[in-house]
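Peer 1: With the hints as extra help, turn the sequences into a complete structure.
2 protein chains.
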Amino acid sequence: MLYPSKLIEDAVNEISKLPGIGKKTALRLALHLLKQEESTTDKLSTALVNLRKESKYCKICHIISDSEDCTCESARKDASILCVVEDTPDVIAIQNTAQFSGYFHVLGGIISPMEGIGPGELNIQSLLDRVKKSSGLIKEVILALSPTMEGDTTSFYIAKKLKPFSIKITTIARGIPIGGELEYTDEITLGRSIVQRLIYDTGND
Amino acid sequence: MLYPSKLIEDAVNEISKLPGIGKKTALRLALHLLKQEESTTDKLSTALVNLRKESKYCKICHIISDSEDCTCESARKDASILCVVEDTPDVIAIQNTAQFSGYFHVLGGIISPMEGIGPGELNIQSLLDRVKKSSGLIKEVILALSPTMEGDTTSFYIAKKLKPFSIKITTIARGIPIGGELEYTDEITLGRSIVQRLIYDTGND
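Protein sequence lines correspond, in order, to chains A and B.
Here the first sequence is numbered in this note's numbering, starting from 1 and rising by one per residue.
Here the second sequence is numbered in this note's numbering, starting from 1 and rising by one per residue.
Quick caveat, the hints were computed from the structure, so don't treat them as lab data.
It cannot be assumed that every hint is accurate.
Here are the simulated EDC-like cross-link-like pairs (lysine to aspartate or glutamate), alpha carbons at most 20 Å apart as the crow flies [stated by the list, open to error]:
| id | chain 1 | residue 1 | chain 2 | residue 2 |
| --- | --- | --- | --- | --- |
| 1 | B | Lys59 | B | Glu86 |
| 2 | B | Lys132 | B | Asp78 |
| 3 | A | Lys163 | A | Asp152 |
| 4 | B | Lys43 | A | Glu38 |
| 5 | B | Lys53 | A | Asp69 |
| 6 | B | Lys6 | A | Glu73 |
| 7 | A | Lys53 | B | Asp129 |
| 8 | A | Lys6 | B | Glu140 |
| 9 | A | Lys53 | B | Glu9 |
| 10 | B | Lys133 | B | Asp78 |
| 11 | B | Lys168 | B | Glu140 |
| 12 | A | Lys56 | B | Asp10 |
| 13 | B | Lys139 | B | Glu150 |
| 14 | B | Lys77 | B | Asp10 |
| 15 | A | Lys35 | B | Asp66 |
| 16 | A | Lys59 | A | Asp69 |
| 17 | B | Lys56 | B | Asp10 |
| 18 | B | Lys17 | A | Glu38 |
| 19 | B | Lys6 | A | Asp90 |
| 20 | B | Lys56 | B | Glu73 |
| 21 | B | Lys56 | B | Glu68 |
| 22 | B | Lys56 | A | Asp90 |
| 23 | B | Lys53 | A | Glu38 |
| 24 | B | Lys24 | A | Asp90 |
In silico negatives: residues of chain A with every beta carbon more than 10 Å from chain B [stated by the list, open to error]:
| id | residue |
| --- | --- |
| 25 | Ala11 |
| 26 | Val49 |
| 27 | Ala79 |
| 28 | Thr88 |
| 29 | Gln99 |
| 30 | Lys132 |
| 31 | Ser134 |
| 32 | Tyr157 |
| 33 | Lys160 |
| 34 | Gly175 |
| 35 | Ile194 |
| 36 | Tyr200 |
From the three backbone atoms N, C-alpha and C, an ideal C-beta is built for every residue, glycine too.
Peer 2: Pasting the structure below:
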């Protein structure tokens with residue numbers, strides 16, 4: 001593409017390095033910024049630089065945090081349940097449900113031989129250390145990984161490693177999403193949801 | 001949404017101010033930058049700040065440029081044709097066709113009473129001045145605006161203003177896009193393309 005100015009070309013090249021953003025979208029974003037106050041661009045660029053430079057990862061749970069000691073083990077939380085997730089967006093997603101009050105443990109990825117990610121690249125050893133160090137305080141580990149080939153492999157690997165601690169190992173429920181149409185659900189999900197059916201709760205009457 | 005850190009929250013807020021980018025995409029982009037080298041973020045933020053701070057608009061054609069004297073009137077170009085467009089992306093799009101070697105004139109928008117943009121907000125007077133000052137050098141003005149209600153209104157307004165100069169006023173062809181299916185073309189486009197049919201070129205034989 002021919003750009004009318006070197007400044008635009010540079011900006012488009014840098015913006016289009018972001019995932020899912022092509023040259024056309026990058027140009028649209030660059031022209032948008034040109035039409036805004038200078039402070040808009042300044043704030044954006046400062047926020048990005050600060051994010052990259054100053055973000056820390058908690059030494060315990062590996063969540064991204066403003067400091068190396070995050071609030072992951074605050075007293076308000078339920079110390080007996082540990083939820084293992086792939087990455088930070090999953091922590092945010094689960095927190096937003098307001099249905100979980102335990103601790104998190106971020107793996108920083110999932111086992112993927114295709115991408116050359118083995119158990120050693122993930123925060124699995126630190127998970128085992130954490131469970132060990134809790135000396136019985138952690139009673140349950142929830143494996144909250146995506147129900148994909150890689151997610152299932154990782155869950156299986158971790159579950160095996162956790163077996164010696166004889167704690168409760170659970171996984172998030174798989175089934176038909178709320179609001180989903182039974183007719184259009186894939187066979188595997190539907191099949192599983194029948195095999196792993198739940199007792200219907202008729203309430204207290 | 002609850003974010004694990006203030007730095008992420010700030011970055012997500014700033015990124016999601018960009019058009020077409022919501023909080024979820026913003027979070028994805030922020031987390032992507034966190035996983036890249038620090039230089040990636042630095043280059044991106046520098047390019048954006050430089051773009052906004054140092055971009056100039058050419059005093060003649062109003063294209064965004066690195067300096068106030070852009071190369072819009074370079075000797076290589078055909079000085080007799082002036083192509084009027086809405087904004088910079090249109091210049092880039094037309095340049096990329098490699099089918100136009102004349103000059104450009106960027107309006108900086110189109111007449112839109114809904115958004116309170118009248119002829120006074122656009123670079124229309126400078127277009128008339130430019131045509132006048134050329135003293136006959138500019139022989140044709142192509143109105144290359146989108147075939148929308150606003151685009152057509154703007155074209156009509158400019159054409160009326162240019163009438164006294166008795167130069168050729170043209171507009172880009174409207175018709176069925178190359179590769180388009182006749183069957184699925186809207187009635188208005190198809191109707192126009194029949195009314196404004198072209199002589200079939202059988203080549204020189």
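Peer 1: Check each numbered hint against the structure and report the violated ones by number, ascending.
Peer 2: Per hint list: 5, 7, 8, 13, 14, 17, 22, 25, 26, 28 violated.
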